[in-house]
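Asker: Using the sequences and the hints given, assemble the complete structure.
If you're matching them up, the sequences are chains A and B in order.
FYI, the numbering for the first sequence is 1 to 538, going by the numbering used here.
FYI, the numbering for the second sequence is 1 to 467, going by the numbering used here.
Hints are not guaranteed to be accurate.
To be verified - Simulated crosslink set (DSSO-like; lysine-lysine; CA at most 27 Å straight-line): (1) K105(B) with K401(A); (2) K476(A) with K124(A); (3) K93(B) with K149(B); (4) K257(B) with K74(B); (5) K149(B) with K401(A); (6) K434(A) with K101(B); (7) K101(B) with K476(A); (8) K401(A) with K93(B); (9) K212(B) with K93(B); (10) K401(A) with K520(A); (11) K242(A) with K316(B); (12) K101(B) with K510(A); (13) K127(A) with K324(A); (14) K499(A) with K510(A); (15) K162(A) with K257(A); (16) K205(B) with K93(B); (17) K499(A) with K105(B); (18) K205(B) with K401(A); (19) K316(B) with K181(A); (20) K181(A) with K382(B); (21) K127(A) with K476(A); (22) K432(B) with K356(B); (23) K149(B) with K434(A); (24) K276(B) with K242(A); (25) K234(B) with K93(B); (26) K36(B) with K425(B); (27) K499(A) with K129(B); (28) K36(B) with K129(B); (29) K101(B) with K499(A); (30) K276(B) with K257(A); (31) K276(B) with K162(A); (32) K356(B) with K316(B); (33) K129(B) with K476(A); (34) K242(A) with K356(B); (35) K499(A) with K124(A); (36) K149(B) with K101(B); (37) K401(A) with K510(A); (38) K36(B) with K476(A).
Hints listed in this document are in silico derivations from the structure and should not be mistaken for laboratory results.
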Amino acid sequence: MAGPEWESDMSLSRYSTVRLLRAMSAVPLEPLPPDVNRTAVGWVKRSATQHLTTCIKVVGSRPAEEAGLDPTYVENALVSLMHLMHRKYRNELPRIRRYLRCGTLAALVLLSTLSGSANAMQIKTVKSPGGIEAWLVEDHSNPLLALKYAFEGGNSQDPEGKDGLANFLSAMLDEGAGDLKASEFQERMEDIAMRMTHEDSKDAFYGNFETLSANRDRAVELLRLAITAPRFDADAVERIRKQLQANLVYADRDPEKVAAREWYAVAFEGHAYGRPAQGTQASVSAITRDDLEAYRKRVFARSSLKVVAVGDISEAELGLLLDKVFGSLPAKDGLATVPQTAPAAGGREKHVEMDVPQSVAVFGVGAMPRKDPDFMTAFVLNQLVGGGGFASRLMEEVREKRGLAYSVYSYIQPFRHTSVLSGSVATRGDAVEKSIDLIRAEFTRIADNGPTEEELANTKSYLTGSYALRFDSNVKIASQLLGLMEEGFGTDYVENRNKLVEAVTMADAKRVARRLFDAKNLIVTIVGRPPAAAADKG
Amino acid sequence: MQSPPGPRLPSLLLWALLMLATSLAVTTRPAAAAPKVSEFTLGNGMRVVVISDHRAPVVTHMVWYRVGAADEPKGVSGIAHFLEHLMFKSTDKIPMGEFSKIIAKLGGQDNAFTGHDVTSYFQRIAKDKLSTVMEMEADRMVNLRLTEKEVSTERDVILEERRSRIENNPNAILDEQMDAALFTNHPYGIPVIGWEHEMAGLSQKNALDFYKRYYAPNNAILVVAGDVTAEDVKPLAERTYGKLPANPGAGRDPRPKEPPFRAARRVDLEDPRAGKASFHRDYVAPSYSTALPGEAEALDLLMKIVADGATSRIYKALVVDQEIASSAGGAYDGSGLDSGKISFYAVPADGVELAKVEAALDAVLEDIIAKGVTAAELERAKNAYIAEYVYDNDNQATLARRYGWSLALGRTVAQVLAWPDDIAKVTAEAVKQAAATCLDKRRSVTGTLRPAENGKPAQPLVRNGRT
Numbered sequence: 001m002a003g004p005e006w007e008s009d010m011s012l013s014r015y016s017t018v019r020l021l022r023a024m025s026a027v028p029l030e031p032l033p034p035d036v037n038r039t040a041v042g043w044v045k046r047s048a049t050q051h052l053t054t055c056i057k058v059v060g061s062r063p064a065e066e067a068g069l070d071p072t073y074v075e076n077a078l079v080s081l082m083h084l085m086h087r088k089y090r091n092e093l094p095r096i097r098r099y100l101r102c103g104t105l106a107a108l109v110l111l112s113t114l115s116g117s118a119n120a121m122q123i124k125t126v127k128s129p130g131g132i133e134a135w136l137v138e139d140h141s142n143p144l145l146a147l148k149y150a151f152e153g154g155n156s157q158d159p160e161g162k163d164g165l166a167n168f169l170s171a172m173l174d175e176g177a178g179d180l181k182a183s184e185f186q187e188r189m190e191d192i193a194m195r196m197t198h199e200d201s202k203d204a205f206y207g208n209f210e211t212l213s214a215n216r217d218r219a220v221e222l223l224r225l226a227i228t229a230p231r232f233d234a235d236a237v238e239r240i241r242k243q244l245q246a247n248l249v250y251a252d253r254d255p256e257k258v259a260a261r262e263w264y265a266v267a268f269e270g271h272a273y274g275r276p277a278q279g280t281q282a283s284v285s286a287i288t289r290d291d292l293e294a295y296r297k298r299v300f301a302r303s304s305l306k307v308v309a310v311g312d313i314s315e316a317e318l319g320l321l322l323d324k325v326f327g328s329l330p331a332k333d334g335l336a337t338v339p340q341t342a343p344a345a346g347g348r349e350k351h352v353e354m355d356v357p358q359s360v361a362v363f364g365v366g367a368m369p370r371k372d373p374d375f376m377t378a379f380v381l382n383q384l385v386g387g388g389g390f391a392s393r394l395m396e397e398v399r400e401k402r403g404l405a406y407s408v409y410s411y412i413q414p415f416r417h418t419s420v421l422s423g424s425v426a427t428r429g430d431a432v433e434k435s436i437d438l439i440r441a442e443f444t445r446i447a448d449n450g451p452t453e454e455e456l457a458n459t460k461s462y463l464t465g466s467y468a469l470r471f472d473s474n475v476k477i478a479s480q481l482l483g484l485m486e487e488g489f490g491t492d493y494v495e496n497r498n499k500l501v502e503a504v505t506m507a508d509a510k511r512v513a514r515r516l517f518d519a520k521n522l523i524v525t526i527v528g529r530p531p532a533a534a535a536d537k538g
Numbered sequence: 001m002q003s004p005p006g007p008r009l010p011s012l013l014l015w016a017l018l019m020l021a022t023s024l025a026v027t028t029r030p031a032a033a034a035p036k037v038s039e040f041t042l043g044n045g046m047r048v049v050v051i052s053d054h055r056a057p058v059v060t061h062m063v064w065y066r067v068g069a070a071d072e073p074k075g076v077s078g079i080a081h082f083l084e085h086l087m088f089k090s091t092d093k094i095p096m097g098e099f100s101k102i103i104a105k106l107g108g109q110d111n112a113f114t115g116h117d118v119t120s121y122f123q124r125i126a127k128d129k130l131s132t133v134m135e136m137e138a139d140r141m142v143n144l145r146l147t148e149k150e151v152s153t154e155r156d157v158i159l160e161e162r163r164s165r166i167e168n169n170p171n172a173i174l175d176e177q178m179d180a181a182l183f184t185n186h187p188y189g190i191p192v193i194g195w196e197h198e199m200a201g202l203s204q205k206n207a208l209d210f211y212k213r214y215y216a217p218n219n220a221i222l223v224v225a226g227d228v229t230a231e232d233v234k235p236l237a238e239r240t241y242g243k244l245p246a247n248p249g250a251g252r253d254p255r256p257k258e259p260p261f262r263a264a265r266r267v268d269l270e271d272p273r274a275g276k277a278s279f280h281r282d283y284v285a286p287s288y289s290t291a292l293p294g295e296a297e298a299l300d301l302l303m304k305i306v307a308d309g310a311t312s313r314i315y316k317a318l319v320v321d322q323e324i325a326s327s328a329g330g331a332y333d334g335s336g337l338d339s340g341k342i343s344f345y346a347v348p349a350d351g352v353e354l355a356k357v358e359a360a361l362d363a364v365l366e367d368i369i370a371k372g373v374t375a376a377e378l379e380r381a382k383n384a385y386i387a388e389y390v391y392d393n394d395n396q397a398t399l400a401r402r403y404g405w406s407l408a409l410g411r412t413v414a415q416v417l418a419w420p421d422d423i424a425k426v427t428a429e430a431v432k433q434a435a436a437t438c439l440d441k442r443r444s445v446t447g448t449l450r451p452a453e454n455g456k457p458a459q460p461l462v463r464n465g466r467t
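Answerer: Right, dumping it as structure tokens:
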């Protein structure tokens, strides 16, 4: 923004914005009177833009109450603004005053919110000339652009025997593309301080791209090459293969990773979700250049693409960017069908022996899909029972009251073809069973009795109050919006989301808790010393 | 960037206004902006930094104490971190264990962390709740209450934290051992979380003694980043923190100094959980607080060129060209009050001896010491850092950490703001000089981690004497 000096003044006006607009909403916005000199109005708009600094200073430097509740002040502020700016159209003032009062002025105030502080985040749907859709939040506060994109598919598209293929590909996209060998490509990325990473999940292959505005064109060209023309040179493939295989050796000895991998293997035996996302030594050895290219061609398609852009870019510029980067991809993807599934029923407990002083357990059950009418209730309940932070029941029972663990948490993961509530706890070997018993007991308690009114109110209050914390940087906004886009929601979800949380009733909570916290179907995997040895060694 | 929760405006009017406002907004393309940073001091000596970022109606509120694990009395290692945990218990106004629950109810998130030199508490919350969290944070700065039961339960929690962070991870155990060898006299050789046998004996009295000694407004720095201005924060700060009495004795004492570095040291750890062998090398180096002008900046650039990522000298030599390592890299940590640290690591490719990797790494370092870096490398590294500085403006919590940490170490806002310029000024000669000075093996510890033969289990380094 133009200058820090007036930003300070603006924050006062922003506080009043909602109140001001609410007051003004009592006055119907009339069409522009025919006798008003349209040029004058146009001039006001243009000048307002050019002299934004001055405008905001005049409108915003008064206390919020004054600006919000006294329309005369507001009007006078504008008059003095126009005096300040130009004398030419002063004669037009009486005639356009009424229009200005409920139109331009409010817009000026609102403009301060959009350009300087943006309380009203505006999500636009942009369609490129070539027909690629994206969501855009324009914000010119910093000369930065964040782009996040997802190709549907992810590691559940890894062919049999080639587990870890999507993960392999995610590590290969900055290893040379077009005419640029790996080190040339990486040096060029560094020369322009471009950031590009890729990662896979069960259901999608993600890209994260950031650039400084000054280098945008060059960065976009490298991004285009990475997505459409990766080289997969033999030396680069072998180098990355070795790194992935080394990672597997470490992962095999990391109790948290083993516990999570085993949980999915038990819960989804026979389904793509049960297979190891990073692959095995054998499957990673078997992956060839052709496998990488075949996966890329099958998954990277316009039909499976979702894109969000946040930052310093206009709609038109984004349209061109989309066509440049993604325009040459095939229209249709070749995704294999992944069947719907659910975690194994009947309750399971699996122990994996590892000689570590602290055992790690992963626990979980099936949950509601994202589009289920009860999803939001389940989400609220999970927050209450095991959500992040220090306020959950599990944290209270396991850590605060008994000191059994440093961290204990659960979360709901609504995958595309199933949904799970799962969590984790790490406790010294001789006490892990006690932690699991406590977690089981909390499942039963919430299922039988539901939450208390106070807990429900506090949890809703946390979730609604903290929603804004997910939107305070370009990168975070892009992640949030891409998630919503993937789940098939519209841009209006962000506005409505807190209402959905508020709408969860005690009756909903009790009903859904009975269904969700189903202790008899709890699947638990524990990695650590066997119980007897653990007791010996403390 | 986020619409505030609350009643929506009548839609038609809002729509019309948005359209109008947008038509204005899109034509404004302001240039790059540094964040607005303001600074003032309260009557009791507490310093305040405000970083304005008006994109979303939220704030990051942090209090930084100029005290950390390196200020602990001998024999009570871990007390700084233990106290940090206990700060979430109770005061006269906050019932037992309610601090974080109140913050959560207000829609906020909170936590804290402890380092060798600083201890920091933070909340991220809607800006209209700022005054409440300031009252709560000011309250626990002087009114902490502890019971024996709370202390003993929380001690179990930190012991579990140690198991999670250190005992379950052979690489973390090696790091701890290497630090202990790197610093022969300075308390940076003692882990922040504490040695297990000393943690087990930490008492309520230890915690309260440390609290009363160091927690005072004149030994703290307040950082508020987000949708506020200094004018907003000042009256709130005066009404909350400003009411607390200063403690003239709260400042820390100088720590023991290192003797001259005379001999390279080695630490070899075998652990069946290691999975693969790995090579590590740490050097004692100056930090931003102790370096000559431009020296720490030169070290940042040196380590970017030598060891950061796939374009670095080490990665290219060991991983790409010689194919003797599957990964290799390193970093410079210049954030310490009394010392910085340079570290390198490499994971040998299958069948390659650690000694071969070590020799190859040493060859890269010797070449840098003898010939320095190229102009192109230096330019690229500078661009990368200066860009990073701009990228960081996207995240208010990152900015709050940057300023809080620097000020807690006695640096100034002006120094932080000048960092990109200082980086730009570094010459290739200065980088070469920094390499020659700091990459002296007598300042170093070499560490190796190997999977133990015969699956012999590694015992915890120290048995817990109490349980």
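Asker: Could you run down the list of hints and mark each one as holding or not?
Answerer: Results of checking the hints against the structure:
1. Distance restraint check for K105(B) and K401(A): the Cα-Cα separation of roughly 20 Å lies within the 27 Å cut-off, and the hinted pair is therefore satisfied.
2. At roughly 17 Å between alpha-carbon atoms, K476(A) and K124(A) fall within 27 Å of each other, so this suggested pair holds.
3. Proposed proximity of K93(B) and K149(B) is supported: the alpha carbons are some 19 Å apart, at most 27 Å.
4. Our distance criterion of 27 Å between C-alpha atoms is met by K257(B) and K74(B), whose separation comes to about 15 Å.
5. Our distance criterion of 27 Å between C-alpha atoms is met by K149(B) and K401(A), whose separation comes to about 9 Å.
6. With a C-alpha separation of about 25 Å, the suggested pairing of K434(A) with K101(B) holds against the 27 Å cut-off.
7. A C-alpha spacing of about 25 Å is found between K101(B) and K476(A), which places the hinted pair at or below 27 Å, so the restraint holds.
8. Between K401(A) and K93(B), the direct Cα distance comes to roughly 21 Å. Compliance with the 27 Å bound is thereby established for this hinted pair.
9. Taking the CA atoms of K212(B) and K93(B), the gap is about 18 Å. The hint holds against a cut of 27 Å.
10. About 25 Å separates the Cα atoms of K401(A) and K520(A), which keeps this hinted pair within 27 Å; it holds.
11. Of the pairs offered as hints, the one joining K242(A) and K316(B) holds, with about 15 Å between alpha carbons and a cut-off of 27 Å not exceeded.
12. At most 27 Å may separate the alpha-carbon atoms for a hinted pair to count; K101(B) and K510(A) meet this at roughly 22 Å.
13. With a C-alpha separation of about 13 Å, the suggested pairing of K127(A) with K324(A) holds against the 27 Å cut-off.
14. For the hint linking K499(A) to K510(A), the alpha-carbon distance of about 19 Å falls within 27 Å, and the restraint holds.
15. In summary, the hint linking K162(A) to K257(A) is supported, as the alpha carbons are separated by about 20 Å, within the 27 Å threshold.
16. Of the supplied pair hints, the one linking K205(B) and K93(B) holds, its CA atoms being roughly 21 Å apart against a limit of 27 Å.
17. Only pairs whose Cα atoms come within 27 Å are accepted, and K499(A) paired with K105(B) is accepted, the gap being roughly 17 Å.
18. For the hint pairing K205(B) with K401(A), the CA-to-CA distance comes to about 21 Å; that is within 27 Å, so the pair holds.
19. Straight-line distance between C-alpha atoms of K316(B) and K181(A) comes to about 13 Å, which keeps the hinted pair within the 27 Å bound.
20. The straight-line distance between the Cα atoms of K181(A) and K382(B) is roughly 23 Å, inside the 27 Å bound, and the hint therefore holds.
21. Distance restraint check for K127(A) and K476(A): the Cα-Cα separation of roughly 22 Å lies within the 27 Å cut-off, and the hinted pair is therefore satisfied.
22. A C-alpha spacing of about 25 Å is found between K432(B) and K356(B), which places the hinted pair at or below 27 Å, so the restraint holds.
23. The straight-line distance between the Cα atoms of K149(B) and K434(A) is roughly 20 Å, inside the 27 Å bound, and the hint therefore holds.
24. Taking the CA atoms of K276(B) and K242(A), the gap is near 12 Å; set against the 27 Å cutoff, the hint holds.
25. Taken as a hint, the K234(B) and K93(B) pair is honoured in the structure, with Cα atoms around 23 Å apart against an allowance of 27 Å.
26. Simply put, K36(B) and K425(B) have alpha-carbon atoms about 24 Å apart, close enough for the 27 Å limit, and the pair holds.
27. Distance hint between K499(A) and K129(B) is fulfilled; the C-alpha atoms sit about 21 Å from each other, no more than 27 Å.
28. Straight-line distance between C-alpha atoms of K36(B) and K129(B) comes to about 22 Å, which keeps the hinted pair within the 27 Å bound.
29. Distance hint between K101(B) and K499(A) is fulfilled; the C-alpha atoms sit about 22 Å from each other, no more than 27 Å.
30. For a cut-off of 27 Å, the pair hint linking K276(B) to K257(A) stands: about 17 Å separates their Cα positions.
31. A hinted pair counts as satisfied when its Cα atoms are at most 27 Å apart, and K276(B) with K162(A) qualifies at roughly 24 Å.
32. A hinted pair counts as satisfied when its Cα atoms are at most 27 Å apart, and K356(B) with K316(B) qualifies at roughly 16 Å.
33. Pair hint K129(B) plus K476(A) holds up; C-alpha atoms about 22 Å apart against a cutoff of 27 Å.
34. Only pairs whose Cα atoms come within 27 Å are accepted, and K242(A) paired with K356(B) is accepted, the gap being roughly 18 Å.
35. Restraint check for K499(A) and K124(A): the C-alpha separation of about 21 Å stays at or below 27 Å, so the hint holds.
36. With a C-alpha separation of about 20 Å, the suggested pair K149(B) and K101(B) falls inside the 27 Å cut-off, and the hint holds.
37. At roughly 25 Å between alpha-carbon atoms, K401(A) and K510(A) fall within 27 Å of each other, so this suggested pair holds.
38. Distance check on the hinted pair: K36(B) and K476(A) sit about 21 Å apart at the alpha-carbon level, within 27 Å; holds.
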